[in-house]
Amino acid sequence: MIRCKPLLGTFVEIRIEDQSPPLKALDEAFLAVEQVQFLMCFHNPNSELSQINARSYLEPVRIHPWTAEVLRIAKEIYLQSQGVFNCGVGHHLVEAGLLPKHGKLNNYSFGGIEDLQLIEHFLVRSSLPLCLDLGGIAKGYAVDKAVEALLANGVQAGSVNAGGDIRIFGGRSQAIQIRNPSKPHELIQIGSMSAGAIATSSLYFANRSSGSKSFMVNPLNQGHIEFSESYSVVATRCVYADALTKVVSISRNTRHPCLSHFSAQAIRIPNTQSP
Amino acid sequence: MNWKPHPLFIIGLAMTSAPIIAQAKIYVSVEQAQKILLPNKSLAKNPMIITEDLQDKMRSASSIRHPFQGDQIWRAADGSWFIVDEVVGKHEMITYAVALNPSGAVTGIEILEYVESYGYEVAEANWRKQFVGKTAVDPIKLNQDIQNIGGATLSCKHLTDGVKRVAVLYEIALKNQTLSLKAK
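If you're matching them up, the sequences are chains A and B in order.
With our numbering applied, the first sequence covers 5 to 279.
With our numbering applied, the second sequence covers 52 to 235.
With the rest of the complex left out, here is chain A:
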């Protein structure tokens, strides 16, 4: 059984290999993805992420354990990547018209994920105004939560694919095909996986008119970056795969030292049509 729903701004496919899976397993897996969207969506002014952006500089904000876990992982990857991964770039995407504006941006000098402190397990506050965007990590986390929901329902084998970020479990080896960055409608079989996750970063679906900016920002120099190849990262959990693709594509280094810390590996697919 395989189902697909529009969530997280993309298409989320959830597949169960079992012959007669519990009926509610798929529903609960989709609900987990919806919950992540509800908590961590930048577009929704009432999400916990928007509340953190609006208030954590002024007062402590109590958050859901899932939001807290994503923020903790984001801080860990920030540290391990020496700042190449940082969710504190939302204001650049708002200025470029790529994310909606909630209230005024003022002339704040915004901090980054390093300025956010988890003062208790589920309580955060920030020492600087923040404009965090979890777009580079929450999708992978949602995939992991969907897999957890399937496992909790006794599902033996399956997979979750959120717009190209994939996690597979249950032992049956499955071929993994990645879009060719030169021709995104053609696929390249890059390997097979029976357990693990893979996520990919590229800009070929950005549908941009010339002159508009890319949705990827390098936190170290705050510039929008351009590249025509694609970078995939294979890891145990999709949250790591998703976030680490940003480290690899921003640094353009498939051997970035932080990959081994997370037992991950990176794959670069060149764009054969670019000069």
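Straight-line C-alpha distance at most 30 Å; calculated DSS-like pairs for lysine-lysine:
{"hint": "1", "chain 1": "B", "residue 1": "Lys96", "chain 2": "B", "residue 2": "Lys226"}
{"hint": "2", "chain 1": "B", "residue 1": "Lys208", "chain 2": "A", "residue 2": "Lys217"}
{"hint": "3", "chain 1": "B", "residue 1": "Lys55", "chain 2": "A", "residue 2": "Lys187"}
{"hint": "4", "chain 1": "A", "residue 1": "Lys108", "chain 2": "A", "residue 2": "Lys79"}
{"hint": "5", "chain 1": "B", "residue 1": "Lys215", "chain 2": "A", "residue 2": "Lys108"}
{"hint": "6", "chain 1": "B", "residue 1": "Lys215", "chain 2": "B", "residue 2": "Lys226"}
{"hint": "7", "chain 1": "A", "residue 1": "Lys187", "chain 2": "A", "residue 2": "Lys217"}
{"hint": "8", "chain 1": "B", "residue 1": "Lys92", "chain 2": "A", "residue 2": "Lys28"}
{"hint": "9", "chain 1": "A", "residue 1": "Lys217", "chain 2": "B", "residue 2": "Lys141"}
{"hint": "10", "chain 1": "A", "residue 1": "Lys149", "chain 2": "B", "residue 2": "Lys208"}
{"hint": "11", "chain 1": "A", "residue 1": "Lys105", "chain 2": "B", "residue 2": "Lys108"}
Rough simulated footprint, nothing fancy, chain B against chain A, three-plus residues with beta-carbon under 8 Å:
{"hint": "12", "region": "13–25"}
{"hint": "13", "region": "233–244"}
Selected chain A positions facing chain B (in silico; Cβ < 7 Å):
{"hint": "14", "residue": "Pro10"}
{"hint": "15", "residue": "Gly168"}
{"hint": "16", "residue": "Gln193"}
{"hint": "17", "residue": "Ile202"}
Keep in mind that the hints were calculated from the coordinates and are not lab data.
Glycine is no exception: its CB is placed at the ideal position from the N, C-alpha and C atoms.
Position chain B relative to chain A; hints supplied.
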């Protein structure tokens, strides 16, 4: 983690072998989607003729030019609705179902089919015909297994536009039917 890189890819040959084209994915049938989105409700088919005027209003609300077909509309006894629609983009054709509660709020969306190819093929009526009437139990010529396709994230904006036009359909055409049924 259990990951095996493709040996040809490692030495750069997978790039030169014949390309695999992303084609058609069939997820669930109309009947399955009805059970998923409106469980335990018996549905009566309620096709409608879409007037030019309504078609125009749906078009301007959604920016989808492809006309809405009024033949796949169902109504539940409690006034809920189940509508199947299709959006055709430059690179994709998506058939989806949307369920509305009696007051017109979207209670669920399910993708039935996702067909991806080059723009000119999707636009070509004959090419599209081969998929008409195919269901999940009829995988002829389509992929037996749904592929695990990785890559940059595809936006679902086009589908979101489709749902906007269904909302207009409710406001202009379905709402009155719900009200007149209640009046009886």
